[in-house]
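Keeping the supplied structure of chain A fixed, place chains B and C upon it in accordance with the hints.
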Amino acid sequence: MAKFKEIISNIENTNASLFQKDFLLTWNKSREELELILYVAEALRKLYKNNISTRCFDSGLAVSQFRDNSTRTRFSFASAANLLGLTVQDLDEGKSQISHGETVRETSNMISFLTEIIGIRDDMYLGAGHEYMKEVGASLDDGFMNNVLPQRPGIVNLQCDIDHPTQSMADLAHLRKWFGSLEELKGKKIAMTWAYSPSYGKPLSVPQGIIGLMTRFGMNVSLAHPEGYGLIPDVVELAGKQAAESGGSFEVVNSMDEAFKDADIVYPKSWAPFHIMGKRTELLRAGDQSELKELEKEALSNNAKHKDWECTRDKMNLTKDGKALYMHCLPADITDVSCKAGEVSAEVFEQYRIATYKEAGYKPYIIAAMMMTNRFYDVAELLKFLNKSNMPRVF
Amino acid sequence: MAKFKEIISNIENTNASLFQKDFLLTWNKSREELELILYVAEALRKLYKNNISTRCFDSGLAVSQFRDNSTRTRFSFASAANLLGLTVQDLDEGKSQISHGETVRETSNMISFLTEIIGIRDDMYLGAGHEYMKEVGASLDDGFMNNVLPQRPGIVNLQCDIDHPTQSMADLAHLRKWFGSLEELKGKKIAMTWAYSPSYGKPLSVPQGIIGLMTRFGMNVSLAHPEGYGLIPDVVELAGKQAAESGGSFEVVNSMDEAFKDADIVYPKSWAPFHIMGKRTELLRAGDQSELKELEKEALSNNAKHKDWECTRDKMNLTKDGKALYMHCLPADITDVSCKAGEVSAEVFEQYRIATYKEAGYKPYIIAAMMMTNRFYDVAELLKFLNKSNMPRVF
Amino acid sequence: MAKFKEIISNIENTNASLFQKDFLLTWNKSREELELILYVAEALRKLYKNNISTRCFDSGLAVSQFRDNSTRTRFSFASAANLLGLTVQDLDEGKSQISHGETVRETSNMISFLTEIIGIRDDMYLGAGHEYMKEVGASLDDGFMNNVLPQRPGIVNLQCDIDHPTQSMADLAHLRKWFGSLEELKGKKIAMTWAYSPSYGKPLSVPQGIIGLMTRFGMNVSLAHPEGYGLIPDVVELAGKQAAESGGSFEVVNSMDEAFKDADIVYPKSWAPFHIMGKRTELLRAGDQSELKELEKEALSNNAKHKDWECTRDKMNLTKDGKALYMHCLPADITDVSCKAGEVSAEVFEQYRIATYKEAGYKPYIIAAMMMTNRFYDVAELLKFLNKSNMPRVF
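Chains as they are written, first to last, in numbering that gives the first Met the number 0: chain A, 0 to 394; chain B, 0 to 394; chain C, 0 to 394.
Mixed in with the good hints there might be a few duds.
Chain copies aren't distinguished; within one or between two, either way the pair holds.
Here are the simulated SDA-like pairs of lysine to any residue, each with C-alpha atoms no more than 20 Å apart in a straight line [unchecked claim]:
| no. | residue 1 | residue 2 |
| --- | --- | --- |
| 1 | 339 | 103 |
| 2 | 185 | 52 |
| 3 | 48 | 145 |
| 4 | 387 | 57 |
| 5 | 201 | 282 |
It is worth saying that the hints were derived from the structure and are not from the lab.
Pulled out of the complex, with its shape left as it was, chain A reads as follows (with noise of 0.2 Å):
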């Protein structure tokens, strides 16, 4: 691990803000805010290392809204709210999906006059999620400049429809500790695919985040899934875009095997096609449940034609030096563990384990550089004055 001045000094070299900015997509930030995530998230992880407190907040609240199940980002969330001294109240609305975008403009508005910082989960609903999320930013906004909140809380996206910027913000910082640096990815193949699952209706966000993000930093990136299992087709075009712009490379490829040929990075995963969601989005808010159940057989049978895009010992021989980084942001599907057949093979997930362990254990400190560079103006100067304060963190 760097040393802290380096760090700071890596802040300051960003010039970059994120000072009230929301974090919805990686997409929309520039590529020196998305490295001042990296370092602030290093500096956060190096302090607590040191057993030095990061509080920043004497109170305030952190709301979180999981409109889906989640557990790792959920323990993430709470870690990130206390490591900065914000208190997480859970805005609970069962499933249900709030239907007004009046309700929306107040729910937003009631939640938010001592709060910090709105973290949300919305992925269930294609096409619903990000924009949940811009509406709950624009309410806020009207909230703010009507005087009815003293302050504008920050959002941040804990996984949308369309990007996963957490889990992939996660991951990035993963592979530049696995790799030595940012520069070091530059070149290095990465394949994004598909894997055999035998359940449905995951959502797309993480391999769109994985491709919307990794294209920005020069790497070769390989999108692999059967023919069908598109992803939303506007990111697909964007990562091109991107890697072109980086001086990287995209590709979709319907063979796994061609996607882990030579890659130095193999994260296979398994997830809904594009248009299933689309129809299952449609089928949710009618609430047809019948129609629900025949999607999902048509779905879960379509997935067993396929069950030989699995990552296996074999597989990962035909990776550069049959030696390539195996990613998943967990839980995984695991043959013979987990389901009788899955996205990875017991063998290739044991030798991993570790690795996508640590891979996770990012996640905290890159949601607490999200939290604290959206409410702090200079964070360079209030991560060198929580240093030099040196309070400890644990007595």
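Here is chains B and C on its own, set in the frame of chain A:
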């Protein structure tokens, strides 16, 4: 907003103390005690805006017990606790009524060993909510006197069957700000009127809280509802008595137009008639689902006869210069927005939307003031100390 | 209550350390380690009463995982965490059993990146709860050794299938206070007896915890239950061995009267027989609802044969001078109060009600002591530092 010194001076001039007194009903508090809450809330808000920490607990629990759904009061309570340094722990007993006195006595003690404040919402059962809070209070007295508890936690009524003091006090703070002072409220006409809603079973505590509080301040309070939609008779009687004492007036009319006429303030809000709520309580207790459905049907069909009880622009034109302040505890049933036909037209609500949000914004500070005055003997000294300490809330 | 200096001196004299040791079973702890917990709990209580902050964490999570309902342990855990400056984050997995070793390993790490303490209640499945806690512990060891976790969180058993150490240690603290010292417990007779209850399926961990702990302190422990209501044989055997070693005695009798005879302390409490719990575990695992109903019917009809196992005034008259101390972990099934016929008569319970509340009042401090001794190498030094710092808990 007044200067901090003036606010402190106001607090000192009340000569009132709420130290170790539960806050259950506004009409059991003296005028000075009510003012004390307003001023302390104002001071807390002032310190918040000046980024000065109001943390006065290093540890301690604030227990919340919601026997009915809540979003805004839940967040207000959480915000208030957080503002003072308390941690919320929710007592989640499901929807079941605790049926034996013994159990209330036991539970009250078991949750209170390190607890400073207990906030309770219990508004579903007529004749039960306020009684429950008193029973909790007696149980805590018993535990404290017998050395079971190292301190006797204070109780804050977060809405019972009779009163909703955190709402009505927030409303009063809003009115004080809107009209400039409590003195200015003298002689102002407020129309607390029933309004049509497509739902039923809404508690009586808001209208009761309003007529029970505003009659203390020399206002001319007009309570309006269709025949058969009366409130608890004792509270209505009390309102009349209080109005006479404070130099205001109180009337009950059966016409929304009459109440609106020349009103300075209107508060149109649906509620279920007293006798319906009584019957409903019996059926809820008996768990008689089919009779409950019958009752709902009957009540809704009764409501439907009064769809003209809607706060429209035409109705607003009846008020003083057509410019009365519209108030609501939120969420309102807004015609064409949250329902087909409701309490208020979209046009009128939109005109006053920001005002109602601001009205709601007083609640966290009002609750914090109730907590603080309950726990600290000399609140003025404490607030001065906090101001002088000048510890930043956000670094 | 002893002077603070004396308590510290007691702590130092134990020469014991529980630093980084999970607290799962009292019988795996040395006598000195158990005393350490008692003294640290006493010190924390002393500081609390003197309004001195015992906050020793500036941030950090205390994760709670309740696989069975809980009110008082939940509040005790929350209070303990709060007392030390930790924030509770609940791991809510519903009622489902985590079925795969892999998943436990992963989940344990995922919730632990910034976690100091994990408290677990898992008492429903015989043969599973304690095993689960050990598996969590091994998973955390694995994560810590592999640099996944920056610290290895400590585990506190909040009730498993075998032991309920936070309860039994709180009970011991209560007895120490009641009789003046641990020395005074030598030779005292405690009757841990089964009692009738109209419910079934109550865990064995309380009676096992009591016989497993009190036999360490030279007490004469009499375990009484109807034939066929035995506890886990290993624990019963252990109790006998421990009693012999500590200079006390241990007997198992099938008569409540015999156990009560000349007892100094009685602890009448219902539980489900070992073999029934075993069968129940199998059926719960199989999800066999109809067989579970059959089993419940059979168990309740067996229970009904022993309605005379009720702690009445007549039974109490059998104890030493008719004045034995009545104990219960609460809530008790009280005849004519919480049920028609239960574990204890209303008269006896009312006589000792306050005493049982006080008994429960030790739990937050016991849990806080388990947390603190797990996280800090030199607890005596820490407590002295906190006392000297003299930071007010409430301003």
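Evaluated hints:
1. In this assembly of identical chains, the alpha carbons of residue 339 and residue 103 lie at most 20 Å apart only when taken from different copies (18 Å versus 42 Å within one copy).
2. Within a single copy, residue 185 and residue 52 get their C-alpha atoms no closer than 35 Å, and across copies no closer than 47 Å, so neither meets the 20 Å cut-off.
3. Taking the shortest alpha-carbon separations for residue 48 and residue 145, only the inter-copy value of 15 Å comes in at or below 20 Å, while the best intra-copy value is 42 Å.
4. In this assembly of identical chains, residue 387 and residue 57 lie within 20 Å of each other by CA distance both inside one copy and across copies; the values are 18 Å within and 16 Å between.
5. For the homomeric pair residue 201 and residue 282, the shortest alpha-carbon distance inside one copy (16 Å) is at most 20 Å, but the shortest distance between copies (32 Å) is not.
Checked against the numbered hints given earlier, this structure breaks only hint 2.
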